[in-house]
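Trainee: Here is what each chain is made of, one letter per residue.
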Amino acid sequence: MSVMILLTVALGVLSGIFLFPESLGDSMGFWISLGLGLLLFFVGIDIGSNRGILGKIRRIGFKVFLVPLMVAVGSILGTTAAGILMGMNPIESAAIGAGFGWYSLSAIELSKHSAYLGTLAFVTNISREVIALVSIPFIAKYIGKVEAIAPAGATAMDTVLPVISRSTNAHIAIISFITGVVLSSLVPILVPLIMLFS
Amino acid sequence: MNILLYIAIMIFGAFLGNRGRLPKALMKRMDTIQFLCLLLLLFIMGVSIGLDEEVIRSFGTIGLQGIIFALASIIFSIIGVRLIAKKVLVKGGEGE
Numbered sequence: 001m002s003v004m005i006l007l008t009v010a011l012g013v014l015s016g017i018f019l020f021p022e023s024l025g026d027s028m029g030f031w032i033s034l035g036l037g038l039l040l041f042f043v044g045i046d047i048g049s050n051r052g053i054l055g056k057i058r059r060i061g062f063k064v065f066l067v068p069l070m071v072a073v074g075s076i077l078g079t080t081a082a083g084i085l086m087g088m089n090p091i092e093s094a095a096i097g098a099g100f101g102w103y104s105l106s107a108i109e110l111s112k113h114s115a116y117l118g119t120l121a122f123v124t125n126i127s128r129e130v131i132a133l134v135s136i137p138f139i140a141k142y143i144g145k146v147e148a149i150a151p152a153g154a155t156a157m158d159t160v161l162p163v164i165s166r167s168t169n170a171h172i173a174i175i176s177f178i179t180g181v182v183l184s185s186l187v188p189i190l191v192p193l194i195m196l197f198s
Numbered sequence: 199m200n201i202l203l204y205i206a207i208m209i210f211g212a213f214l215g216n217r218g219r220l221p222k223a224l225m226k227r228m229d230t231i232q233f234l235c236l237l238l239l240l241f242i243m244g245v246s247i248g249l250d251e252e253v254i255r256s257f258g259t260i261g262l263q264g265i266i267f268a269l270a271s272i273i274f275s276i277i278g279v280r281l282i283a284k285k286v287l288v289k290g291g292e293g294e
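The listed protein sequences correspond, in order, to chains A and B.
Residues in the first sequence are numbered consecutively from 1, following the numbering used here.
Residues in the second sequence are numbered consecutively from 199, following the numbering used here.
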C-alpha cells in the first residue's frame with residue numbers, strides 16, 4: 001500500500017514537471033476538490049454501513065477530543081524542540097508546527113511575515129502529509145490504531161482519512177475525522193496567535 | 199467553506215450506506231474503490247506540486263529543514279496520542 005502511494009505521488013510530481021502544461025496549475029484546486037469529494041463519498045458509505053458506530057463514539061464522549069488535543073500539543077512541541085536544536089527562532093518553529101499538515105493555509109499565513117518562513121511552512125507541512133500517507137499503514141500495524149491518526153494532523157479529515165480508514169476500522173475513521181475537523185479549525189487561529197509572540 | 203461541503207458529502211454517503219440498499223457487488227469492492235480514488239487524488243496532488251516551480255526549487259534548499267520539522271511533529275504527536283489512546287477505545291469494540 002505504502003509503495004503504491006509513494007509511487008503514485010512521485011509519478012504525479014514527475015508528470016507535473018515534465019508532462020503537463022503550466023497553464024493547468026490554475027485549475028488544480030478544482031481537480032483536488034473533485035477527487036477529495038469522490039473519496040469522502042465512499043468513506044461516508046463505509047462509515048454508514050457500519051451500524052452502531054455512532055453509538056460507540058457517543059459512549060466515548062468528550063474524551064474523543066483528547067486525540068486532537070494531544071496531536072496539537074505534540075506537533076507544536078516537536079517543531080519547537082527541532083527548531084531549537086537547529087538554532088532557529090523557537091516561536092517561528094512553533095508556528096510552523098501549528099500548521100498541523102495543512103500546508104496551503106499555514107504557508108499563506110506565514111508568508112505574511114517572510115517568504116522564507118512561508119516556504120518552510122509549506123515544505124514542512126507538505127512533507128508531513130506525504131510522510132503520514134506512507135507511514136500510517138505501518139504505525140497502525142506496529143504501534144497502534146489510535147496512534148495512526150497522529151501523523152495526519154489536520155489532514156486526518158480529508159486526504160489522509162482514506163489511508164487511516166483502510167489501515168484501521170470505521171471506529172477509528174470517525175475519531176480521525178473529528179480530529180481533523182478540530183485541528184483544521186485551530187490552524188487559522190493558532191498560527192497567527194503564536195506569531196504575536198515573535 | 200470547503201469543510202462544510204466535505205462534511206455534507208460524507209453524511210450523504212453515510213446515509214446511503216446506512217440504508218443498506220446499495221448493491222452488494224459495490225459494497226464488496228468498497229476497499230478497492232476507495233484505494234483507486236485515493237491513488238487518483240494523490241496523482242492529482244503530485245501533479246499540482248510538480249507544476250509549482252517555486253515549490254520544486256525551494257525543496258532543494260530548505261527541504262531538509264522541512265523534513266526534520268515534519269518528522270519531529272509526527273513523532274511527538276504519536277507519543278502524545280499514545281498517552282491517551284486507551285481512553286478513546288471502547289472495550290470489546292472494533293476499536294481495539
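Hints listed in this document are in silico derivations from the structure and should not be mistaken for laboratory results.
There may be inaccurate statements among the hints.
Derived DEER-like restraints, expressed as beta-carbon distance ranges [as the list claims (entries may be wrong)]:
no., chain 1, residue 1, chain 2, residue 2, range
1, A, Tyr116, B, Arg217, 24 to 32 angstroms
2, A, Tyr116, B, Leu224, 23 to 31 angstroms
3, A, Gly29, B, Phe213, 51 to 59 angstroms
To give an idea of the interface, some chain B residues facing chain A are shown, with a C-beta separation under 8 angstroms as derived from the structure [unchecked claim]:
no., residue
4, Leu202
5, Pro221
6, Lys226
7, Asp229
8, Ile231
9, Leu238
10, Ile242
11, Ser246
12, Ile247
13, Val253
14, Ile265
15, Ser275
16, Ile276
Since this is a predicted model, take the numbers as computed values, not measurements.
Note that beta-carbon positions come from the ideal geometry of N, C-alpha and C, so glycine has one too.
Trainee: Given Ile276/B was flagged as interface, is its beta-carbon under 8 angstroms from a beta-carbon of chain A?
Mentor: holds, 4 angstroms
Trainee: Honestly, do Tyr116/A and Leu224/B meet the 23 to 31 angstroms range at C-beta?
Mentor: violated, 49 angstroms
Trainee: Would you check whether Ser275/B satisfies its interface hint, that is, whether its CB is within less than 8 angstroms of any CB in chain A?
Mentor: Ser275/B check passes; min Cβ-Cβ to chain A is 4 angstroms, inside 8 angstroms.
Trainee: Hey, does the Ser246/B contact hint survive, CB to chain A under 8 angstroms?
Mentor: holds, 4 angstroms
Trainee: Holds or violated: Ile231/B as interface residue toward chain A, Cβ cutoff 8 angstroms?
Mentor: Interface hint status for Ile231/B: holds (6 angstroms vs cutoff 8 angstroms).
Trainee: Just to be careful: measuring from the Cβ of Ile247/B to every Cβ in chain A, is the smallest value less than 8 angstroms?
Mentor: Ile247/B check passes; min Cβ-Cβ to chain A is 5 angstroms, inside 8 angstroms.
Trainee: Holds or violated: the hint that Asp229/B contacts chain A, with Cβ atoms closer than 8 angstroms.
Mentor: holds, 7 angstroms
Trainee: Between Tyr116/A and Arg217/B, does the beta-carbon spacing fit 24 to 32 angstroms?
Mentor: violated, 52 angstroms
Trainee: Is the hint on Lys226/B kept, meaning its closest Cβ partner in chain A is under 8 angstroms away?
Mentor: For Lys226/B, the interface hint is violated, since the closest Cβ of chain A sits about 11 angstroms away, which is over 8 angstroms.
Trainee: Does Leu202/B hold up as a contact with chain A if the rule is Cβ-Cβ below 8 angstroms?
Mentor: violated, 11 angstroms
Trainee: A closest beta-carbon separation below 8 angstroms is what the hint needs, so does Ile265/B meet it against chain A?
Mentor: holds, 5 angstroms
Trainee: Is the shortest C-beta separation between Leu238/B and chain A less than 8 angstroms?
Mentor: Result: holds, 6 angstroms to nearest chain A Cβ.
In the structure shown, a violation is registered for the earlier hints numbered 1, 2, 3, 4, 5 and 6, in ascending order.
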